[in-house]
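Chains A and B, in that order, give the protein sequences.
Numbering-wise, the numbering used here puts 53 at position 53 of the first sequence, and it's gapless, one number per residue.
Numbering-wise, the numbering used here puts 279 at position 279 of the second sequence, and it's gapless, one number per residue.
Since the hints were made in silico from the structure, they are not lab data.
Here the structure is a predicted model, which is why all the values come from computation and not from measurement.
Careful, some of the hints might be misleading.
Stretch by stretch, here's where chain A covers chain B in the computed footprint (C-beta under 8 Å, at least three residues) [said to hold, decoys possible]:
hint, stretch
1, 127-140
2, 182-189
3, 277-283
4, 364-375
Taking lysine-lysine pairs in the DSSO-like style, the calculated list, with each CA pair at most 30 Å apart, reads [stated by the list, open to error]:
hint, chain 1, residue 1, chain 2, residue 2
5, B, K65, A, K138
6, B, K65, A, K39
7, B, K199, B, K65
8, B, K290, B, K270
Per label pair, the in silico range of CB-to-CB distance [said to hold, decoys possible]:
hint, chain 1, residue 1, chain 2, residue 2, range
9, B, I155, A, E139, 19 to 29 Å
10, A, T70, B, E114, 53 to 63 Å
11, B, A122, A, F259, 46 to 56 Å
12, B, G33, A, P210, 49 to 59 Å
13, A, P210, B, D81, 23 to 33 Å
14, B, R94, A, K243, 41 to 51 Å
15, A, L142, B, I155, 19 to 29 Å
16, B, R94, A, K39, 16 to 26 Å
17, B, R94, A, D43, 47 to 57 Å
18, B, C10, A, K138, 49 to 59 Å
Using N, Cα and C, we set each Cβ at its ideal position, and we do this for glycine too.
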Amino acid sequence: MNPNILLRNNVKIRGRGTRPMIFAPGFGCDQNVWQSVAKDFEDEYHIILFDYVGSGNSDIQAYNVERYSTLDGYAQDVLDVCSALDLKDAIFVGHSVGCVIGMLASIKHPEYFSKLVLVGPSPCYLNLPNDYYGGFEKEQLLGLIDMMDKNYIGWATAFAGTVMSNPDRPELKRDLENRFCSTDPIIARQFAEVTFFADNRKDLAKVKVPSLILQCSKDVIAPSAVGEYIHKHLPDSTLKVMKATGHCPHMSHPEETIFLIRQFLDEFPTNDL
Amino acid sequence: MNEQLNEAPCGYLTLSEEDDILSVNQTLLKLLGYNLDQLQGQPINYILSASAILFHQLYLVPLIKLENQIEEIYISLKSVDDEEIPVLLNAVQRERDGRTIIECVVIPMRKRNELENELLIAKKEAETALNARNKAYADLEIAHETMKMQKNKLIELNEKNEKFKVDTERELGLAKKIQETLLPVPIINEHLEIQAYYKGSNQLSGDIYGFYQIDAQRYGLILLDVMGHGLSSALITMSLHSIFERLILKGSEVKTVMKELDDHLHSLFKNTSKSSHYCTAVYLLIDTDKREINYINAGHPSVLLQDINGKQYELRSNRPPLGMFEDILFKTNTVTYNKESMLCLYTDGVEEPIGSDRLCSLLKTYSAAPLSALKEEVIQSLRYEEDTLQRKDDQCLILVKLK
């Protein structure tokens, strides 16, 4: 047990089971997004929730620009938590960019994981003409970054700076917590750039852990074509198309999400399509 | 929708939990250029710009789910003409009539948007400038440190140099003294008198001479001028000195002495043509009984021989300087002298300033005077010339009175 990592990543442990189940949030959010889904598995599993450094209630001082300039830095957070808790054969449940982060972690240390559940994954968001459909043009992604700027994400004066330099004004910190899933705005800005301009297609083939892809209908962030691409290139993967729409089924449609995860974990006999 | 809300000075719309448009007020419809039936039932993405669709999915959906409200969000809507309309958005998720809906208020902020664009640009420029300045400062710091280091190195080097210079000058001074210890004292007896004058240039000397009484009647007199002056020439003079002293005191033949000196110079520089030195040399073997002089002059200025009547003869060079060419055959020349004859040997450090004519005339004028007086006269002439010329060469003069 490494208490420093547990503190650094705001690790919360619940559940009465022995088999570990670790939940990785998506972009811009903290562990709270898993509230509905994780609760359902508490009886049978050893639930582990955490925040990436810079998100939620993680130790923001631990943020390092070089380390988190690629998704490998975030994957290392996952590995640090697994190592600190000495996990074996854990079930990894990731959302959005958390999926790639989990895949990268499993490539480095497959022994920590027994199964991967990938909710709304995408290995690359950019459209690469004649090559790959990721769903977005470069202008769109740049426009997104621009919009983040206009919402003061990444502005030191607006948020983080104020919080840092006013420790005696806790109401400011609360204010921060109420916005943007409590990710530090500067870090969120960097996280966005890292996420949306990453290309991890070549890593798909290296994943050795069996995985479940949960593809939402009408998900603009991770469209169906991307889900199919992943299924094609990810060895030992199962693709399930959900009735749920949008990009966050774990929040908007928790029951269907829970059902499909349980099915994958062999709790009911599967109805293969 | 009641009339007040429909025509409120802001846009108002409601969404289902799945983000489908339920209702839109008149203000917003007008802003976007749609009729209600065109929008009702459509997903929100229909009226969002491309980037806004992303932003909504990534930020707003989770935020509303968790916090049930959002405030002061900047987002851009898309009109029927595909025009982007920047708005400020507040939204709240609540139960109404048994279903969960999301109520949104939007206020267009075109002007404010322009201002914010300007601010953003200015902010980025300021950041860039700040970074550039910081980098420049950092570079300057480094340059400054480097310069300091180099300056210190230079100072150190300078001190070393100074010390080296002082040490070297001291060493050279000592070396010069050592050279001078080799010079012989005058010989005065009933057969002859030999006096010498020597003044080295500022550096070590490339001239060396020696006179020896070999036995009761024979005397050896040698004068060498090694090319150049300074350390290398001085070392050669020392080397040659040890050879000729040994040979002369042994009573070797003139041609033997010259040949061995010649061989020695060749062997010294056998492997390096670059550093070869040669030297002009003249060796006189005087037999006071026979009144005979055997000599060889290799490249040296002529030796003056003056008889009692003042007639002068030149003992000329007929061989190249030693060390210049290999396998030279040395042939001894012989000349006889009568009573009260004089010899004058010199190096070009003496000949150049005064000229051989002047030397000859001095020799004549002072033939009857003591040898030391003649020596003084020559020295005076040299000093006179010295004031106008810079002394570059070693000066060496040997005067012999044959009785």
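Tested hints:
With a cut-off of 8 Å between beta carbons, the stretch 127-140 of chain B has 0 residues touching chain A; three or more are needed, and the interface restraint is violated. Beta-carbon proximity to chain A at under 8 Å applies to 0 residues in the stretch 182-189 of chain B; the threshold of 3 is not reached and the given coverage is violated. Residues of the stretch 277-283 of chain B with a Cβ under 8 Å from some Cβ of chain A number 0, which does not satisfy the need for three, so the listed coverage is violated. Under a criterion of three residues with beta carbons nearer than 8 Å to beta carbons of chain A, the stated coverage of the stretch 364-375 of chain B fails, only 0 such residues being counted.
Under the criterion of a C-alpha separation no larger than 30 Å, the hint pairing K65/B with K138/A is consistent with the structure, at around 29 Å. Between the alpha carbons of K65/B and K39/A the distance comes to roughly 17 Å, so the proposed pair stays at or under 30 Å and holds. A C-alpha spacing of about 108 Å is found between K199/B and K65/B, which places the hinted pair above 30 Å, so the restraint is violated. Proximity of K290/B to K270/B is assessed by CA-CA distance (about 40 Å); at most 30 Å being required, the pair is judged violated.
Judged by the Cβ atoms, the range 19 to 29 Å given for I155/B and E139/A is violated: they are separated by roughly 60 Å. At roughly 36 Å, the beta-carbon separation of T70/A and E114/B lies outside the given 53 to 63 Å, and the hint is violated. Separation of A122/B from F259/A is about 52 Å and conforms to the stated range, judged on CB atoms against 46 to 56 Å. At roughly 51 Å, the beta-carbon separation of G33/B and P210/A lies within the given 49 to 59 Å, and the hint holds.
At about 50 Å, the beta-carbon gap between P210/A and D81/B misses the expected band of 23 to 33 Å. About 25 Å separates the C-beta atoms of R94/B and K243/A, a value inconsistent with the hinted range of 41 to 51 Å. Under the hint 19 to 29 Å, the C-beta atoms of L142/A and I155/B, about 55 Å apart, miss the expected range. Roughly 23 Å separates the CB atoms of R94/B and K39/A, a value that falls within the hinted 16 to 26 Å.
Taking the beta carbon of each, R94/B and D43/A are about 32 Å apart, not inside 47 to 57 Å as hinted. At about 34 Å, the CB distance of C10/B to K138/A disagrees with the hint of 49 to 59 Å.
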